[in-house]
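**Q** Chains as they are written, first to last, in my numbering: chain A, 1 to 363; chain B, 1 to 126.
These are calculated hints, taken from the structure and not from any lab test. Honestly, I wouldn't trust all of these hints.
Calculated pairs, BS3-like style, for lysine-lysine (alpha carbon to alpha carbon, straight line, at most 25 Å) [stated by the list, open to error]:
id, chain 1, residue 1, chain 2, residue 2
1, A, K120, A, K3
2, B, K56, A, K344
3, A, K281, A, K271
4, A, K291, B, K103
5, A, K64, A, K120
6, A, K76, A, K177
7, A, K344, A, K76
8, A, K281, A, K78
9, A, K344, B, K103
10, A, K133, A, K64
11, A, K291, B, K56
12, A, K170, A, K82
Where chain B lies over chain A, by a calculated footprint (3+ residues, C-beta under 8 Å) [stated by the list, open to error]:
id, stretch
13, 39-51
14, 169-180
15, 312-319
Every residue gets a Cβ at the ideal spot worked out from N, C-alpha and C, and that includes glycine.
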Amino acid sequence: MLKKTVLNTAHRAMNARMVDFGGWDMPVNYGSQIEEHHAVRNNCGMFDVSHMCPVDVVGPDCRKFLSRLVANDVAKLKVSGKALYAAMLNDAGGVIDDLIIYFLTDTRFRLVINAGTALKDLDWMQAKVSEWKLDVTITQRRDGNEPLGIIAVQGPNARAKVWEVLPQTKAAIAELKPFFAAEVDQYFIASTGYTGEDGYEIMLPAGEAEALWNALNKAGVAPCGLGARDTLRLEAGMNLYGQDMDETVSPLDAGLSWTVAMKDERDFVGKSALTAAGQQKQFLGLILLDKGVLRGHQQVITKQGNGEITSGSFSPTLQQSIALARLPLGVQIGDEVEVDIRGKLLKTKVTKPVFARNGKAVI
Amino acid sequence: MSNVLANLKYAASHEWMLLNADGSVTVGITDHAQEALGDLVFVELPEVGAHFDAEKEIAVVESVKAAADVYAPISGTVTEVNQAAADAPESVNQDAYAAWLFKMTPDNVADLDKMLDAAAYQALSE
Chain A
1 MLKKTVLNTA HRAMNARMVD FGGWDMPVNY GSQIEEHHAV RNNCGMFDVS
51 HMCPVDVVGP DCRKFLSRLV ANDVAKLKVS GKALYAAMLN DAGGVIDDLI
101 IYFLTDTRFR LVINAGTALK DLDWMQAKVS EWKLDVTITQ RRDGNEPLGI
151 IAVQGPNARA KVWEVLPQTK AAIAELKPFF AAEVDQYFIA STGYTGEDGY
201 EIMLPAGEAE ALWNALNKAG VAPCGLGARD TLRLEAGMNL YGQDMDETVS
251 PLDAGLSWTV AMKDERDFVG KSALTAAGQQ KQFLGLILLD KGVLRGHQQV
301 ITKQGNGEIT SGSFSPTLQQ SIALARLPLG VQIGDEVEVD IRGKLLKTKV
351 TKPVFARNGK AVI
Chain B
1 MSNVLANLKY AASHEWMLLN ADGSVTVGIT DHAQEALGDL VFVELPEVGA
51 HFDAEKEIAV VESVKAAADV YAPISGTVTE VNQAAADAPE SVNQDAYAAW
101 LFKMTPDNVA DLDKMLDAAA YQALSE
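Build out the structure end to end from the sequences listed, making use of the hints.
**A** Here you go:
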């Protein structure tokens with residue numbers, strides 16, 4: 001039995017093509033994935049991401065807990081509302097999950113964790129609270145008594161559309177810099193996203209999500225499926241858990257070094273393993289010069305040895321196939337390499353791992 | 001609701017076939033298949049002159065979402081490919097029955113009788 005978000009009926013009413021997405025009955029598109037992609041790059045689109053799991057971390061030991069739990073350093077969170085992207089590692093330095101941490105007060109943080117990893121993450125966090133004997137309460141907000149829905153509104157016109165539909169929130173959210181959140185009444189509105197565009201991610205009581213979804217649609221915001229979400233995040237060079245990294249992959253080999261705060265004295269789970277192993281691979285972009293489509297798990301042949309594509313698709317913005325890949329050290333941006341697609345070796349160029357943001361190609 | 005044409009034959013693997021007056025068979029993917037795949041961005045066609053046994057991979061169609069094999073619905077030799085479909089993969093989304101992929105000369109034209117008719121394919125693809 002597939003799990004459903006609170007917007008399931010709304011998706012079906014909008015003729016969404018529904019698929020089994022890791023056990024969730026989710027919209028992959030509402031007609032054309034490519035049109036939805038362009039809507040977000042050029043105007044405004046919205047995604048139901050209520051399958052993702054908000055987690056409230058409350059108590060006097062919040063900072064102590066998060067400081068040891070994740071590889072990024074919550075000491076960077078000094079202003080209320082500020083958000084931090086971080087990887088939660090196991091003892092071997094593999095990525096259990098990647099998450100966003102919102103700092104609200106010194107005794108209250110909110111995390112958002114991935115849908116497919118939510119239960120394992122919660123078990124891990126709970127075990128660490130006990131092991132470290134901390135005064136922290138962990139409450140997931142996806143199911144249970146006070147569930148939240150999450151709607152991501154993304155694109156150059158996203159902010160204006162949200163102000164139009166939720167005018168009472170405008171004063172609090174209009175000036176939000178990227179990667180901040182504000183709480184207004186029942187809304188938790190963050191200037192975060194997974195598309196490389198400006199916009200908001202709105203958490204609200206699950207029972208109110210459908211009314212907001214329909215109001216945004218009436219205001220001209222295009223419903224977009226998880227298909228477009230994937231090509232948008234790929235163009236933006238954002239990692240997808242389970243494809244670009246997992247429990248067997250070090251964040252240093254997944255392009256996430258910028259999220260790992262190694263330098264100071266702070267200890268965190270996985271730190272000693274990362275220090276011992278160092279960086280083994282580099283995480284870079286690829287653009288296919290021949291015709292075809294790059295896909296995950298295809299082999300990349302370079303002078304320095306073989307690498308592997310972790311995510312690949314067709315880029316609607318570039319009109320070419322692009323990919324993220326784990327490649328041997330020594331491969332340089334600009335190198336020409338080959339990708340094995342069904343036994344044929346196709347010409348591919350190594351790029352930095354970001355292709356398009358804010359409406360245009362950056363490559 | 002996807003479209004199924006009454007004058008065509010179908011394979012369970014979602015190819016359609018049209019028997020031409022010259023004995024050749026035109027093959028494409030069904031409307032149901034293009035709808036399931038979503039926006040197509042790449043079509044790889046077989047080589048003219050190549051022979052394929054039934055149910056062997058003969059072409060590839062890729063959408064933004066996924067790659068899918070196209071199978072030879074019956075055994076035969078490729079006589080012509082539709083380069084226009086490879087140049088504009090979206091034409092298969094627009095009309096899967098107009099944007100054919102290849103033509104083949106069947107080893108045994110009677111093989112066509114074993115394929116699904118429109119009603120049987122409709123039932124299968126629902």
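**Q** Run every hint past the structure and note whether it holds.
**A** Taking the hints in turn, this is what the structure says about them:
1. A/K120 with A/K3: 17 Å, holds
2. B/K56 with A/K344: Distance ~18 Å between B/K56 and A/K344 Cα, so the pair holds.
3. A/K281 with A/K271: Answer holds: A/K281 to A/K271 is near 18 Å, not above 25 Å.
4. A/K291 with B/K103: 22 Å, holds
5. A/K64 with A/K120: 21 Å, holds
6. A/K76 with A/K177: 16 Å, holds
7. A/K344 with A/K76: This hinted pair is violated, its Cα atoms lying about 47 Å apart.
8. A/K281 with A/K78: It is violated: about 33 Å lies between the C-alpha atoms, which goes past 25 Å.
9. A/K344 with B/K103: 24 Å, holds
10. A/K133 with A/K64: 11 Å, holds
11. A/K291 with B/K56: 23 Å, holds
12. A/K170 with A/K82: Roughly 18 Å separates the two Cα atoms, so the pair holds.
13. 39-51: This one is violated; 0 residues, fewer than the three required, reach chain B with a Cβ under 8 Å.
14. 169-180: Violated, because only 0 residues of the stretch 169-180 of chain A bring their Cβ atoms closer than 8 Å to Cβ atoms of chain B.
15. 312-319: holds (count 3)
Consistency with the previously given hints fails for numbers 7, 8, 13, 14, ordered from lowest to highest.
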